[in-house]
Every structure is written in structure tokens, then in C-alpha cells.
Amino acid sequence: MRDSDHSIGVHLVCGFLGSGKTTLINDMIASGEISDALFLINDFGSMNIDADLIDSREGGVIRLTNGCVCCGLSGNLSSQLTQIRRWPDPPRRLVVEASGVAQPRSLMQLFNSAPGYCLAQVELLVDLSLIGRLLEDSTVGELVRYQVAEVPVILINRWDVLDEGERDASVKQLEALNPDVTLSWSPSRESGMPTPRQASLGESVFPELGQLVPGVLATFTLTLPGTIDARRLAQLLDAAGEILLRAKGFILSEEAPDGCLLIQWTPSGSIVTQTFRRQAPTLVLIGKGRDNLAYLATLLLTYASAPSR
Amino acid sequence: MTITIYPARRIITMNPSQPEGDCLAVKDGRVLSVGSMEHASAFGDVSVDDRYADKVLMPGFVEGHSHALEGVIWDYVYLGWFDKQSPEGEHWQGLRDVASIQERLAAGLARLAPGAPLIAWGFDPIYFSGARLDKRLLDAVSDEVPIIVMHASLHVMTINSAVIEQADIASKEIDGIVRNAGGECVGELQEMPAMHLVFDRYGIDFFEQASQPGALRQYARAARREGITTITDLLNPLSDDAIDSMRSTTLEPSFPVRLVPALNALGWAPEEGSKQLAKAMTQGHDKLFFGIVKLVTDGAIQNYTARLQWPGYLDVEGNGVWNAPPQTFHDMVLHYHQAGFQLHIHTNGDEAVELMLDALEEALCLWPRPNHRHTLQHVQLIRQDQLYRVKMLEACLNIFANHIYYWGDIHLSRTLGFDRCQRLEPAASASRLGITFGIHCDAPVTPLSPLFTAHCAHRRQTASGTVLGMAEAIDRHVALEAITLGAARTLQLDKRIGSLEPGKWADVAILDDDPLDERIALKDIRVHGTLLGGLPTDA
Ligand SMILES: [Zn+2]
Numbered sequence: 001m002r003d004s005d006h007s008i009g010v011h012l013v014c015g016f017l018g019s020g021k022t023t024l025i026n027d028m029i030a031s032g033e034i035s036d037a038l039f040l041i042n043d044f045g046s047m048n049i050d051a052d053l054i055d056s057r058e059g060g061v062i063r064l065t066n067g068c069v070c071c072g073l074s075g076n077l078s079s080q081l082t083q084i085r086r087w088p089d090p091p092r093r094l095v096v097e098a099s100g101v102a103q104p105r106s107l108m109q110l111f112n113s114a115p116g117y118c119l120a121q122v123e124l125l126v127d128l129s130l131i132g133r134l135l136e137d138s139t140v141g142e143l144v145r146y147q148v149a150e151v152p153v154i155l156i157n158r159w160d161v162l163d164e165g166e167r168d169a170s171v172k173q174l175e176a177l178n179p180d181v182t183l184s185w186s187p188s189r190e191s192g193m194p195t196p197r198q199a200s201l202g203e204s205v206f207p208e209l210g211q212l213v214p215g216v217l218a219t220f221t222l223t224l225p226g227t228i229d230a231r232r233l234a235q236l237l238d239a240a241g242e243i244l245l246r247a248k249g250f251i252l253s254e255e256a257p258d259g260c261l262l263i264q265w266t267p268s269g270s271i272v273t274q275t276f277r278r279q280a281p282t283l284v285l286i287g288k289g290r291d292n293l294a295y296l297a298t299l300l301l302t303y304a305s306a307p308s309r
Numbered sequence: 310m311t312i313t314i315y316p317a318r319r320i321i322t323m324n325p326s327q328p329e330g331d332c333l334a335v336k337d338g339r340v341l342s343v344g345s346m347e348h349a350s351a352f353g354d355v356s357v358d359d360r361y362a363d364k365v366l367m368p369g370f371v372e373g374h375s376h377a378l379e380g381v382i383w384d385y386v387y388l389g390w391f392d393k394q395s396p397e398g399e400h401w402q403g404l405r406d407v408a409s410i411q412e413r414l415a416a417g418l419a420r421l422a423p424g425a426p427l428i429a430w431g432f433d434p435i436y437f438s439g440a441r442l443d444k445r446l447l448d449a450v451s452d453e454v455p456i457i458v459m460h461a462s463l464h465v466m467t468i469n470s471a472v473i474e475q476a477d478i479a480s481k482e483i484d485g486i487v488r489n490a491g492g493e494c495v496g497e498l499q500e501m502p503a504m505h506l507v508f509d510r511y512g513i514d515f516f517e518q519a520s521q522p523g524a525l526r527q528y529a530r531a532a533r534r535e536g537i538t539t540i541t542d543l544l545n546p547l548s549d550d551a552i553d554s555m556r557s558t559t560l561e562p563s564f565p566v567r568l569v570p571a572l573n574a575l576g577w578a579p580e581e582g583s584k585q586l587a588k589a590m591t592q593g594h595d596k597l598f599f600g601i602v603k604l605v606t607d608g609a610i611q612n613y614t615a616r617l618q619w620p621g622y623l624d625v626e627g628n629g630v631w632n633a634p635p636q637t638f639h640d641m642v643l644h645y646h647q648a649g650f651q652l653h654i655h656t657n658g659d660e661a662v663e664l665m666l667d668a669l670e671e672a673l674c675l676w677p678r679p680n681h682r683h684t685l686q687h688v689q690l691i692r693q694d695q696l697y698r699v700k701m702l703e704a705c706l707n708i709f710a711n712h713i714y715y716w717g718d719i720h721l722s723r724t725l726g727f728d729r730c731q732r733l734e735p736a737a738s739a740s741r742l743g744i745t746f747g748i749h750c751d752a753p754v755t756p757l758s759p760l761f762t763a764h765c766a767h768r769r770q771t772a773s774g775t776v777l778g779m780a781e782a783i784d785r786h787v788a789l790e791a792i793t794l795g796a797a798r799t800l801q802l803d804k805r806i807g808s809l810e811p812g813k814w815a816d817v818a819i820l821d822d823d824p825l826d827e828r829i830a831l832k833d834i835r836v837h838g839t840l841l842g843g844l845p846t847d848a
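For the protein sequence lines, the chains are A and B, in the order given. Under the working numbering, the first residue of the first sequence is numbered 1, with each subsequent residue one higher. Under the working numbering, the first residue of the second sequence is numbered 310, with each subsequent residue one higher.
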């Protein structure tokens, strides 16, 4: 019946929003080790592919110089799978970034049985520093608990920002939900990412921004996981003045324990207003070049994040 | 251009300055006057067309939430519980037992092209408690020709033995393949991973078909029959092919309605989606309007997939599903709001309403924007505090009034219980608060017919005759406004359509009966035809 030599091997990357799926896939692409693969990306807008690797880009499809292709996951996965396997020259491998609410079990079953495909690898990415809160969340907690329970392998990200006690507690939570799971630890991020925050914040060094080449006008929305140091935030936004036009958003801050701070930044200065209600902490950056904004966002998270106490 | 005058028995304009008239004068496709013949003649030479002299004219109806999928399903066999009319006006009786289902399938089989599978749709198991449609019942019709019955929810299908064999179902391990105690497939497939085996085997893609010219023409015909002159396709992929197809089809002079497709936001990364929408907007014209974005947050109450707040569902544990992480909805609202587009947000349950009100409030705090007209769609269970918030945020609503008739009995006895059924589809509260709102049918979920929808909002009667929450009933005039000007406002088209006011397009519903005549139920008002830009669409 199915000839697995000719079927497309699927690597399924699951995980809730912010678990590091995009980073993992960006790294897979950047490493250039995979060829003849199709990347089906849920959050296509956050793909940050090095221009040198891109052969062409049109109609929401990015062709890479090594023969790989990236495109967005459409609203209709069933028809997308039917079309892909009927391409004149179908890919040998399919890397799927599942949506944050996708149920891994259901997708695993899909790729195990869909004609023309076979499941080669599956993992659930977990941001260990966020998972405790997610599991308890009233709107999505149940969903995330199912995700954890259903996968054979969990790849743990951002464990290095926790101390040992916090780390053990979170791992115990995961193992309680899924006793048979294999845990795999992603390598600690050397540069750019914070070493354990509490220890470093005091002497955290202002990052070197490097030369930013202005690109086309873009918007970047950044969800802030914890409290932010408003002074450092403004300092960093000021330093990005050559590409940044406007920034606006709400941040959680120790200065506003019962609410949050409204930040409005323009090149001529910034206004910080204390508000007395909790808003979802989000910062919107508008400036020249999406990649620049994404880069700035990473620096913000590193440099301006305050200890989550 | 000469002036054409259509004398009428009565003209209900929905223009508060000039609520009634008796002669519709049209010039260059627009309303010139609704006053007397004498007043219209002051503008120049007139030609009188008195074919509607005994009819009642109203602004053409605006269906603010339905889907072009309605144009596809008539290629297949109808198995719904309720009576339904095809675009050609053929009457299909609702089917209330398994024997009639088998009978209609057998009739479909006799007309089927050789080699094709028999596809049927509209079957709603919630009405068949006790009896379950399974492969045996379909095999009795044929066990050789593949038979596929899509359920009304579109999340489940029933298939016969021929499909089980041809699509190699039995060997697969998927939770959605329903088996009996002995492990044998009973013929029911639930959710995409299981149904994909069938879609893939027979090359079925309903949503792709919905953008094809044939389906669009069928959809438009069905709308015209019901007096609709502007219709939405509220979840369009907006692929390049779909845009081309919609443009060329709506440009056909005989295409009888104006079409408003909405971009399916979850099908695109926000940046790509807004680029695509901006590109589509360059392809719009007087009969095709781009610029709205649809975000589907939760599921449906009758499928137990809507997200409800406390106390949840009446007869099952657990809550509904999100179609994406709530944070993604927040980000998308923020993105499309900032980009200047208008959002239409599907929120069936009150938890979904709450979440999206938070998102809208956040977006509006960050980027104040007057007259945004972001619209919450369905809002079946919206609470009073949430309605008040809608008003304060200057958002709009489009209320799913047809649910009262089609699922009201189910909501009362199984999904929601008494109290929440009193506030179901709270059109009167929206009206009292001065919220801009429309009412809709969500075809093909329920049939296209704005007058029927207005009837539901006015009478609040379920299929069994029970009345739910008369405090939320709206009077005839308000109901008629909701299917014309109200819906036009939610689509930001009220400058052009929604009332018969000098300067607006002469889009008209021509009725045999007077919808303000209390002796005739709104649902029984007969539609004679429509004018689009002042021209009869049956010409
Ligand atoms: Zn809909």
C-alpha cells in the first residue's frame, strides 16, 4: 500500500505561543543542513531568514538557495496537504510549525495516516520560564495541559533563566502530566540571551546595537512576558532612533504595582504615564525594517526585563 | 441619461427625514427622488415604468454575514431537518427520519454521473437523538457507489462501506474514526485528520469551490430571490485566484448583487494578510468591496465548541475551543486595527465576547480611531455589561437572530437552559443602547432570507413554537432597519446603500406585500424581485 520511500517525511514542531518554535525553525533554516524540505509555517510573519539564503520571495512563498521552500500554513491544512503531494516535484521532507492551539495527538495521527506522508519526528517546545503560568491560565491552561500530555518528546527552552529550584518544580509539573515523556534540553543561548536575570540585572551592560540598515516601514508587536524597567526601555529605544519611528504600549513595572505604565515614544522624546488598571503588556514598534524591529525586540527582552519577583 | 420613475403602492425608505414615498425616480443608477411624480419631473424628462405600481419598495436587503459556500452546496444532495429553497426556487422538504434520508439519497444516486461519489450535506444529528446515521443505513442505499454525508457542523461526516474501503479507513489509527466495541468502523468520521482521508481520496475542497465563478453566480441568484442586493462572503481565503475570480464574475452585467468578501485573518500572517488585502482593494469596483477582515475566535454553541463563561454548558462538562491562542487574537486585532482595516470578529460564546472586547479596548487605547466600526459577529450570548462596553467602544454588532428559530429549542433544553435563552440574540438591548447592529443568517448554516431573519428578531419563536425572551424582541421597523441600513453600516457602505435616499444607489427590494402590515408575518412577505442600481435584476 503506502510506499514509505516515496512518502514525505514530516517533522512536526508543536508548542504554545512564545515557546520558541519560530526560533527553532529559523535555526534549522539558517544551519542549511536540511535540503529539499518544505517548511509550513504558522506564524509566517515572524520568519527571520538571512537575506543571503533567500533565492526569491513572492506571493507568500520564500524559495531558499539550498532548494528548500517556506510558506504559510493556510486556513485549510487538509487541502494544502492534498496539493503538496501532487506537486510535479514534491519535497522529500515537510517541517510543520503547528498553530499554538493545535493538539499534537491529532496532528500526529493526521501525518501518520494521510496518504503520501509519514510522521518522522515530533516534539513539543516548552518555554520553561512560562510554562507554570500557562498551565494555570484560565483560558488556555486546559489546552496546554493536553499538549504536554500528548507528545513523546518535549524540547525545553529558556530553562537557563530559572534557578535550580524553579527548574525542578516546572519539570515535575511536566512529568506529572506526561510520565513517559522524554525531555530534551535546548542548549543555553550564549550571547544575546540573559544569563539568570536576578544575578545579572545590576551589572547588565548596555548592548551594542551595531549598524542597523533601514528597511521598509514595518510594525512589530512584542508581548512582554514580565516586568520591564522603563528607564532601560527608553534608553534602548533612544539608541535605535535611526530606524525607530514610534513605539507605544503598556508595560508591567514595579513602579506601577496595581496597574501598568503607558509608554509613548517618538524620536523627540518619550512620555510615561502611570495607569491604574492591568492591560495586556504589549509594545508596538514602528520603524524601518522588520528585521531591525525584531532584533530590537530581542534586545529589549534581554536588557530591560526586570526580575520577575 | 433619462430619469426612470417607478410608481409604487408604498415606499419604505429607512431615511428618517423622508420615511415614506410613492414614486421612486432613478437617474444614473441612483435614487433621485422618492416624492411625487411632479417633484421628480422637475429634474427633466422622465419615463414612467409602472410595472411595480402595486408593489411595496424597500431598500435592497443587506446580508451582513453569510458565506459563498451556500453557492456550492446545491451541487450536492440536501439532507437538512428544515425545509430549504434552492437558488432556482426549487423547494426541498426537511427530512425528519432515516427512511426519508435514504429515499433522497437513492434519488440522488439515480442522477449521479458514473464514477463520481454521492455527496450530501446539511444533516444535523442534534435533531436525531437516539438514531445514529451509520454505514449500514447508507449501505442500504448503495454499498458500491461511495456515499459521503457531510453533517451541518462541517466537523463530522458519515460514509458508507465503499468509501471506507476506497479511502482505506479501517487500517488507520485516528481518534476521529468511530468504531464499535468490536473495533469495526461504523462509518462516522470526526474532525479533519479523519475526514482528510476522504477529502484527499476524492479531491473534495468545498472552500476552494466557493470562490469559483459558478458557485458565486449560484450564491448571487439565491440572494436575489430573497430580495438581497448586497451580500457578504464572510470568510474568504482572498488568494490571488479567488480575487481574480470574484472580480471577473461580479463585473458580469447580469451578476445581480454587490459582494463584500472578508479576508480570513487566520489564513495569513498579519503582515502578509494586510498586504494581500491592500492589493485586493485595488481590484474592487461598484459591485465588489474589499477591506474587511474576519477573525474566527471560538466555535458554535450547538456543537459545544463556543467558549462560554460560567456556568458553561447545561448538559455537558467542559468548555468550547479557541481557534488560535487568545494572544494571537489580541495581536491580530492590534495589527489590523493599526493598519486601518475593519475587523469582523466571530464571537459566539460570552467568554469569546469578553476576550475580544478586551482586545478591542486595548487596541483603541493604544491607537484611538473614531468611526472604526469593528463588528462583533454572532454575539449570541452577549451580556448586558458587555453590550454596554460595545456601546462605549463604539463597536458594532451583527446578531445571529435565526438561531432562535433553528436551535432555540436545543438551547433551551440542552445547551444553555432557560435564563440564557431569555437574552439569546439580544437585539432589543442593542437597539435601546443605540448600538449600530445588523442581524444575519450565516448561510449555509441557516437559509438566506433577511425577511425570515427579521421575523425571528421580531417574534423570537423557536421551531416548536416556544417564545424565548420577549424582552429582547424588536418591532418591525427596527427589524427592517437591521436588515438594511443597520447591516450596511456594519459594512461601512451606508454612504451608498441601506436606505432609499437621494444620491444613494437605487438598490431596491420589490415586495408583493407590505412588511409593516401587522396582519402578515414578516417571514410570509413575498419577494417579487430586486433593482440593482435602478435596473431590474431579472431582465
Ligand atoms: Zn459565518
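Rather than coming from a laboratory, the hints here were simulated on the basis of the structure. These figures come from a predicted structure and were not determined experimentally. Among the clues, some could well be false.
Unchecked claim - For lysine-lysine, the following DSSO-like pairs were computed, each having C-alpha atoms within a straight-line distance of at most 27 Å:
id, chain 1, residue 1, chain 2, residue 2
1, A, Lys248, B, Lys700
2, B, Lys588, B, Lys804
3, B, Lys584, A, Lys248
4, B, Lys588, A, Lys288
Hint check results:
{"no.": "1", "hint": "Lys248(A) x Lys700(B)", "in the structure": "holds (25 Å)"}
{"no.": "2", "hint": "Lys588(B) x Lys804(B)", "in the structure": "holds (23 Å)"}
{"no.": "3", "hint": "Lys584(B) x Lys248(A)", "in the structure": "holds (22 Å)"}
{"no.": "4", "hint": "Lys588(B) x Lys288(A)", "in the structure": "holds (21 Å)"}
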